[in-house]
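Line order of the protein sequences matches chains C and P. For the first sequence, the positions run 1 to 112 when this note's numbering is used. For the second sequence, the positions run 1 to 114 when this note's numbering is used.
Treat each hint with caution, since some may be false.
[Stated by the list, open to error] Straight-line C-alpha distance at most 30 Å; calculated DSBU-like pairs for lysine-lysine:
#: 1; chain 1: P; residue 1: Lys9; chain 2: P; residue 2: Lys57
#: 2; chain 1: P; residue 1: Lys9; chain 2: C; residue 2: Lys68
#: 3; chain 1: C; residue 1: Lys99; chain 2: C; residue 2: Lys42
#: 4; chain 1: P; residue 1: Lys57; chain 2: C; residue 2: Lys99
#: 5; chain 1: C; residue 1: Lys99; chain 2: C; residue 2: Lys68
#: 6; chain 1: C; residue 1: Lys42; chain 2: P; residue 2: Lys71
#: 7; chain 1: P; residue 1: Lys71; chain 2: P; residue 2: Lys57
#: 8; chain 1: C; residue 1: Lys99; chain 2: C; residue 2: Lys59
#: 9; chain 1: C; residue 1: Lys42; chain 2: C; residue 2: Lys57
#: 10; chain 1: C; residue 1: Lys42; chain 2: C; residue 2: Lys79
#: 11; chain 1: C; residue 1: Lys63; chain 2: C; residue 2: Lys42
#: 12; chain 1: C; residue 1: Lys79; chain 2: C; residue 2: Lys99
#: 13; chain 1: C; residue 1: Lys99; chain 2: C; residue 2: Lys69
#: 14; chain 1: P; residue 1: Lys57; chain 2: C; residue 2: Lys79
#: 15; chain 1: C; residue 1: Lys99; chain 2: C; residue 2: Lys57
#: 16; chain 1: P; residue 1: Lys71; chain 2: C; residue 2: Lys99
#: 17; chain 1: P; residue 1: Lys9; chain 2: C; residue 2: Lys42
#: 18; chain 1: P; residue 1: Lys9; chain 2: P; residue 2: Lys71
#: 19; chain 1: P; residue 1: Lys71; chain 2: C; residue 2: Lys63
#: 20; chain 1: P; residue 1: Lys57; chain 2: P; residue 2: Lys14
#: 21; chain 1: C; residue 1: Lys57; chain 2: C; residue 2: Lys68
#: 22; chain 1: C; residue 1: Lys63; chain 2: C; residue 2: Lys79
#: 23; chain 1: C; residue 1: Lys79; chain 2: P; residue 2: Lys14
#: 24; chain 1: C; residue 1: Lys59; chain 2: C; residue 2: Lys79
[Said to hold, decoys possible] Computed beta-carbon distance windows for the label pairs:
#: 25; chain 1: P; residue 1: Gln22; chain 2: C; residue 2: Gly29; range: 32 to 40 Å
#: 26; chain 1: P; residue 1: Lys57; chain 2: C; residue 2: Gly16; range: 19 to 27 Å
#: 27; chain 1: P; residue 1: Asn70; chain 2: C; residue 2: Gly16; range: 46 to 54 Å
#: 28; chain 1: P; residue 1: Gly16; chain 2: C; residue 2: Ser18; range: 45 to 53 Å
#: 29; chain 1: C; residue 1: Thr67; chain 2: P; residue 2: Pro83; range: 24 to 32 Å
No lab work stands behind these hints, which were simulated from the structure alone. Only a predicted model underlies this, so the values are computations on that prediction, with no experimental measurement involved. Quick reminder that beta carbons are idealized off the backbone N, C-alpha and C, glycines included.
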Amino acid sequence: EDQVTQSPEALRLQEGESSSLNCSYTVSGLRGLFWYRQDPGKGPEFLFTLYSAGEEKEKERLKATLTKKESFLHITAPKPEDSATYLCAVQSPGTGFQKLVFGTGTRLLVSP
Amino acid sequence: NAGVTQTPKFQVLKTGQSMTLQCAQDMNHNSMYWYRQDPGMGLRLIYYSASEGTTDKGEVPNGYNVSRLNKREFSLRLESAAPSQTSVYFCASSEWEEANEKLFFGSGTQLSVL
Numbered sequence: 001e002d003q004v005t006q007s008p009e010a011l012r013l014q015e016g017e018s019s020s021l022n023c024s025y026t027v028s029g030l031r032g033l034f035w036y037r038q039d040p041g042k043g044p045e046f047l048f049t050l051y052s053a054g055e056e057k058e059k060e061r062l063k064a065t066l067t068k069k070e071s072f073l074h075i076t077a078p079k080p081e082d083s084a085t086y087l088c089a090v091q092s093p094g095t096g097f098q099k100l101v102f103g104t105g106t107r108l109l110v111s112p
Numbered sequence: 001n002a003g004v005t006q007t008p009k010f011q012v013l014k015t016g017q018s019m020t021l022q023c024a025q026d027m028n029h030n031s032m033y034w035y036r037q038d039p040g041m042g043l044r045l046i047y048y049s050a051s052e053g054t055t056d057k058g059e060v061p062n063g064y065n066v067s068r069l070n071k072r073e074f075s076l077r078l079e080s081a082a083p084s085q086t087s088v089y090f091c092a093s094s095e096w097e098e099a100n101e102k103l104f105f106g107s108g109t110q111l112s113v114l
């Protein structure tokens, strides 16, 4: 059974204090790993898709990386507007989004 | 561009009452989904529709029914609400887009069953 574990559950940073969020996964095979951002009272918003170990993607202050066992979401010099819950999800080969397995998320709070 | 629109945003029901959650997307996507999100748990799939005219059960379908009314609309019905169905419900749609598959989510419906 595919499993996704995100850590830490919550993270508090000062503005400008860089850090990383972790997404560990167990799958029989990986078709894709997804990162989403979710603001309070809103639906998740797509950030990145990673398909193979060694792949990296960047967007503003965020950089996602992938190994065979885990993914990291690196946040460089965060700002208060980066405060949100970050969700990770994995997709197995031969399946569509109906088999997507989500983690429980990391709640990030960035203080001024 | 509205994306995925869900109604209502909030709803309170008494045990045994019924209701329908509405979802519409304006992106011409073939696939649509209903998820629920509970504290301490990841998003869990209730039902999905791969294309107009088809629906299939997800991970937690018990107590729910769905209708894919047309390509744009996918509704979720609770026939006899139970307190265990208190949750936040999200509708989503998907399409292959520029070699990056994406799920697009609505803003959610917060449902309380008393």
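Right, here's what the structure says about each hint:
no., hint, in the structure
1, P/Lys9 <-> P/Lys57, "holds, 24 Å"
2, P/Lys9 <-> C/Lys68, "violated, 39 Å"
3, C/Lys99 <-> C/Lys42, "holds, 22 Å"
4, P/Lys57 <-> C/Lys99, "holds, 11 Å"
5, C/Lys99 <-> C/Lys68, "holds, 19 Å"
6, C/Lys42 <-> P/Lys71, "holds, 24 Å"
7, P/Lys71 <-> P/Lys57, "holds, 18 Å"
8, C/Lys99 <-> C/Lys59, "holds, 26 Å"
9, C/Lys42 <-> C/Lys57, "holds, 24 Å"
10, C/Lys42 <-> C/Lys79, "holds, 20 Å"
11, C/Lys63 <-> C/Lys42, "holds, 22 Å"
12, C/Lys79 <-> C/Lys99, "violated, 34 Å"
13, C/Lys99 <-> C/Lys69, "holds, 19 Å"
14, P/Lys57 <-> C/Lys79, "violated, 41 Å"
15, C/Lys99 <-> C/Lys57, "holds, 23 Å"
16, P/Lys71 <-> C/Lys99, "holds, 21 Å"
17, P/Lys9 <-> C/Lys42, "holds, 10 Å"
18, P/Lys9 <-> P/Lys71, "holds, 22 Å"
19, P/Lys71 <-> C/Lys63, "violated, 35 Å"
20, P/Lys57 <-> P/Lys14, "holds, 25 Å"
21, C/Lys57 <-> C/Lys68, "holds, 16 Å"
22, C/Lys63 <-> C/Lys79, "holds, 15 Å"
23, C/Lys79 <-> P/Lys14, "violated, 42 Å"
24, C/Lys59 <-> C/Lys79, "holds, 14 Å"
25, P/Gln22 <-> C/Gly29: 32 to 40 Å, "holds, 36 Å"
26, P/Lys57 <-> C/Gly16: 19 to 27 Å, "violated, 47 Å"
27, P/Asn70 <-> C/Gly16: 46 to 54 Å, "holds, 49 Å"
28, P/Gly16 <-> C/Ser18: 45 to 53 Å, "holds, 52 Å"
29, C/Thr67 <-> P/Pro83: 24 to 32 Å, "violated, 42 Å"
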